[in-house]
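J.: One letter stands for each residue in the lines below.
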Amino acid sequence: MNFFLELVTAGISLGAVYALVAQGYNITFWAVRVVNFGHGSFLMIAVMVALAVVNAGFPLWAAILAGLAVSAAMGYVLELVAVRPLMRARMGMGWVVSTLGAGIVLQAIATDIWGTNTRAFPAIIFESTDYVRLLGVQLSAQLLLAFAAALLVMVLFEVGIRATLLGKAMRATAADPDCARTMGINIRRMISLAFVLSGLLAGLAGILIAPLTGIDPAFGLELMIKGFVAAVVGGLGSSGGAMVGGIFVGLLELLVGGYVSSAARNGVVFSILILVLAVRPQGLLGKQPEIKV
Amino acid sequence: MRASRAVPWLGLGAVVVVWPWVANETWTMLALLAGINILLAQSINVLTGYAGQISLGQAGFFAIGGYTSALLMIETGCPLWLSLPAAVGFAMFVGFLLAIPAGRVQEFYLAMVTVAFGLVVQVIVKQWDLTGGFQGLSGVPAPVLGNLSLFGIPLGERGYYYLVVLMVVAASWFQVNLIRSYVGRAFVAVETSEIAAASLGISPGSVKRLAYTISAGLAGLAGTLYAHLMAFLGYETFSLWQSASILVMAVLGGLGTFVGPFLGAVVLTVLPHKLQAFQTHQLLIYGALLLLSYAAFPRGMAGFLRLQSSFLKVRPGPIAIAEGRSSAVQGETIERIEKSGDAQVPAGAPLLAVESLQKSFAGVRAVNGVSMAVSPGEIHGLIGPNGSGKTTLVNLVTGVYRLGGGMVTFGGERIDGLTLYQVARRGLVRTFQSPHIFRRLTVRENVIIGAHRHFRSGFWPTVANLGHAVAEEGEMLHRADRILVEVGLADRAQEQAVDLPFGMQRMVDVARAMMCRPRMIILDEPAAGLSEVELAHLGGVLRTLRDSGVTILLIEHHLDFLLGLVDRVTVLDYGETIFEGTPTGVRRDGRVIEAYLGASANAQS
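Sequence lines, in order, name chains A and B. Heads up, the first sequence is in our numbering, so the first residue is 1 and it goes up one at a time. Heads up, the second sequence is in our numbering, so the first residue is 294 and it goes up one at a time.
It is possible that part of the hints are untrue.
[Unchecked claim] With the C-beta cut set under 7 Å, the calculated list includes, among others, these residues of chain B facing chain A: (1) I393; (2) F401; (3) V406; (4) A409; (5) Q420; (6) L423; (7) L823; (8) V826; (9) L828; (10) I871; (11) F872.
[As the list claims (entries may be wrong)] Here are the in silico distance ranges between beta carbons for each label pair: (12) N2/A with V657/B: 50 to 60 Å; (13) G92/A with L568/B: 50 to 60 Å; (14) L151/A with V657/B: 29 to 39 Å; (15) L275/A with Y867/B: 39 to 49 Å; (16) R749/B with L255/A: 48 to 58 Å; (17) L80/A with Y867/B: 41 to 51 Å; (18) A52/A with R298/B: 54 to 64 Å; (19) A52/A with A570/B: 49 to 59 Å; (20) W114/A with E368/B: 36 to 46 Å; (21) L459/B with L275/A: 35 to 45 Å; (22) L284/A with P639/B: 32 to 42 Å; (23) G92/A with L459/B: 27 to 37 Å; (24) W114/A with K567/B: 20 to 30 Å; (25) R189/A with A655/B: 24 to 34 Å.
These are calculated hints, taken from the structure and not from any lab test. Please read all numbers here as calculations on a predicted model, not as lab measurements. Each residue gets a CB set at the ideal place from its N, CA and C atoms; glycine is no exception.
Starting from the given sequences, assemble the full structure and let the hints guide the process.
T.: If you want it as structure tokens, here you go:
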């Protein structure tokens, strides 16, 4: 029973981080119906930069800020280089190829600078050996921190997008760009902002999970795809769906890993993506969109 | 083919034939790998370059082909001539399964699915004892081991080389025939606009599934050839990185061109091997190519050759305009009614009947209980102020939107609940407010797509260029030319349709709908943006069409144009029918005048 509860709490915590990744897709999906296929490398670069800053002797908080700043900036550049030119040329699926390419370039650069070895990332606030005992279950403090931080960010994000003027402008842009433009909203800036926020969430997710897993140039790929699964299971474009989907993926992964085999867990999680799209493409909380002619 | 054009091809063929006798071991190996890579690049080209779909999991199909053939031979002693088609067939089957959601989801969902698929295949290959797990699968029958034979003849390294060449040639021939057929044109149509394709009776879901199936088959074939070349299969080969490399070859070579995959595959097989700098920075170079080339040079290396690809089986010349003008189309459509299996209606019954149709968008009632009946053989006008629900009504009737209530019958059959392409297949064809031109296609190719639902040749006769498939294509082309004469586009037949001025694009749209041999055409504001001359011409075309038995529902703001053409007219306002009757009646109707001019305006129009 304890084993089960441990898996469940760890799964939920991990799932919250996946939700952050999925939310990163949602934001750009709202803005331009684009999902960053290089998202994994954004996670990785944020962590790598933070680690480099720590190793240069700066405090951890400064390192984390630096990592987040870099991933946000990469979001800005990605939109400029890999998305905007293709949108202008109306090249249907070109952005899948170009964002994937951006991810590979970043991975190549990281490999060049830092090599392919897995490196440890320092624990944040707590020690990696800190545990909390709750109802007889041992919980890793680091994992709980990840859960709390991810949850907090998701809530803040939701409040921000609903309550602030900027958030309303973003939602307006998502709903109808042409109409938003006539209301005096700078569409281009909104789209840039969406990619900056998406990059920021990627960096955050990376930094929350890095103390648990360590970091190498290929680190983001798996997280990126689990983020896909989370977003699709919940319904792409739905914040609540990202949370539900993320937790579902986290739970599934750890329960399969704990009771079936650790080798099968990724296979099962990735297969879920294929299954959900075949059966319920709009996801659990998504709505079936009506096409515009 | 003229002799001067044949020389380089013969030269190239000779080089390919003598290659294994003059090249050393390294270069023979490179040629073999290039052949396999050509198939892989082609697998992306068919999918992405023509059908506009994408796969980031080609390595998965590559693996399935390789392991299936290898395991069949190792475990069951199956001969190569059987294991090869079995492996290709299995890869195609998996590709089809993976593309099942294709009809319902946006393309990039399938991009995600293919990423996941590629990784799942790799996980399975890595974990499964049967596939050799971590150690890999060794002892795959291969020329280097001296245990591969075809039909009892031992295959040496040269023999295997010729097998690969044969496969590449066969696959390329198959693809050319496919692209130059109604199937290939449907691919390109879906790539440009799914909704326009569906309005002509093409099922976008089926097209995408077919594209994925063919793509998987080509990658599976490459995998099979790779397995028996290497004698060993390891899970590392089938990574996401491999899938990305396949994408790079196709993108660099040039998507949507025939030569592209050859160029991309050969360059990226030879360069990494011969250039040390290329090898050390391969990841960076490949990433940069993916990142930039799609925007910078979308047709890749092939784009610099400026080749014009054809999508027709037969090479047509200019149209002889001497053929009798309007009688051509008249004879044409009358022939249609006799032949077509589309539903007929009993005398007196309407062809299209709409009853108490409802549709709301987020609480706004766009269509609120509209009823309308269109009799066979008439031109029926549908008018109303902006936002009165005309286009929504058309979208409901043709299955673009789901109904909020009410029912639609066409030729006595309920058609509400059907989707756009199913409606079109029943002989109810529509156009859109803005012309939906299929780019990359000529005017003639654009028009012949309209005949998609009438092609009877099966898939295999079409890709094998059997006589009756070619003859059918010729017949359809003849019909397309006659329609082009009728709408006045004969001298523009060979031009790229997107380069035409707006008014002519509109006529291409109308011509394409005519090519569909419909029972009924719905034209959504065909006169918008046309000059007076073009307008008069359009009016003439519509009358001829009506006289040949095609029913027309005409939505138009240009009232003089519309009222001069129609037999009956329906007027909508705020989603409700406010008038149905004759064109003379509508000019005098109080409610109509009020809707158009406001309550206090004088009763004249």
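J.: Against each hint, give a clear statement of whether it holds in the structure.
T.: Do the hints match the structure? See the list:
A distance limit of 7 Å between C-beta atoms decides the matter here; for I393/B the minimum to chain A is near 5 Å, and the interface restraint holds. For F401/B, the suggested interface contact is upheld, since its CB lies about 6 Å from the closest CB of chain A, less than 7 Å. Given hint, V406/B at the interface with chain A, holds; its Cβ is 5 Å from that chain's nearest Cβ, closer than 7 Å. Against a cut-off of 7 Å between C-beta atoms, the interface hint on A409/B holds, since the closest Cβ of chain A lies about 4 Å away.
At a threshold of 7 Å, the smallest CB-CB gap from Q420/B to chain A is about 5 Å, leaving the interface hint in force. Among the interface hints, the one on L423/B is violated; its C-beta lies about 15 Å from the nearest C-beta in chain A, farther than the 7 Å criterion. Of the supplied interface hints, the one on L823/B is violated, with its beta-carbon coming no nearer than about 21 Å to a beta-carbon of chain A, more than 7 Å. Hint status for V826/B relative to chain A: violated, with the closest Cβ pair at about 29 Å, above 7 Å.
A distance limit of 7 Å between C-beta atoms decides the matter here; for L828/B the minimum to chain A is near 24 Å, and the interface restraint is violated. Hint status for I871/B: violated, given a least beta-carbon distance of 24 Å to chain A, over 7 Å. Of the supplied interface hints, the one on F872/B is violated, with its beta-carbon coming no nearer than about 26 Å to a beta-carbon of chain A, more than 7 Å. A beta carbon spacing of about 55 Å between N2/A and V657/B agrees with the range 50 to 60 Å that was offered as a hint.
A hinted range of 50 to 60 Å is violated for the C-beta pair G92/A and L568/B, which are about 33 Å apart. About 37 Å separates the C-beta atoms of L151/A and V657/B, a value consistent with the hinted range of 29 to 39 Å. Roughly 45 Å separates the CB atoms of L275/A and Y867/B, a value that falls within the hinted 39 to 49 Å. The given range of 48 to 58 Å is respected by R749/B and L255/A, whose C-beta atoms sit roughly 53 Å from each other.
In this structure the hint that L80/A and Y867/B lie 41 to 51 Å apart at CB holds, the actual value being about 45 Å. As the Cβ distance of A52/A to R298/B is approximately 59 Å, the hint placing it in 54 to 64 Å holds. For A52/A and A570/B, the Cβ-Cβ distance of about 26 Å falls outside the hinted range of 49 to 59 Å, so the restraint is violated. Between W114/A and E368/B the CB atoms are about 44 Å apart, so this pair conforms to the stated range of 36 to 46 Å.
Distance hint check for L459/B and L275/A: the Cβ-Cβ separation is about 39 Å, which falls inside the suggested range of 35 to 45 Å. A hinted range of 32 to 42 Å for the beta carbons of L284/A and P639/B is inconsistent with their spacing of about 49 Å. For the pair G92/A and L459/B, the supplied restraint of 27 to 37 Å holds, since their beta-carbon distance comes to about 35 Å. Between W114/A and K567/B the CB atoms are about 29 Å apart, so this pair conforms to the stated range of 20 to 30 Å.
Between R189/A and A655/B the Cβ separation comes to about 27 Å, which falls inside the hinted range of 24 to 34 Å.
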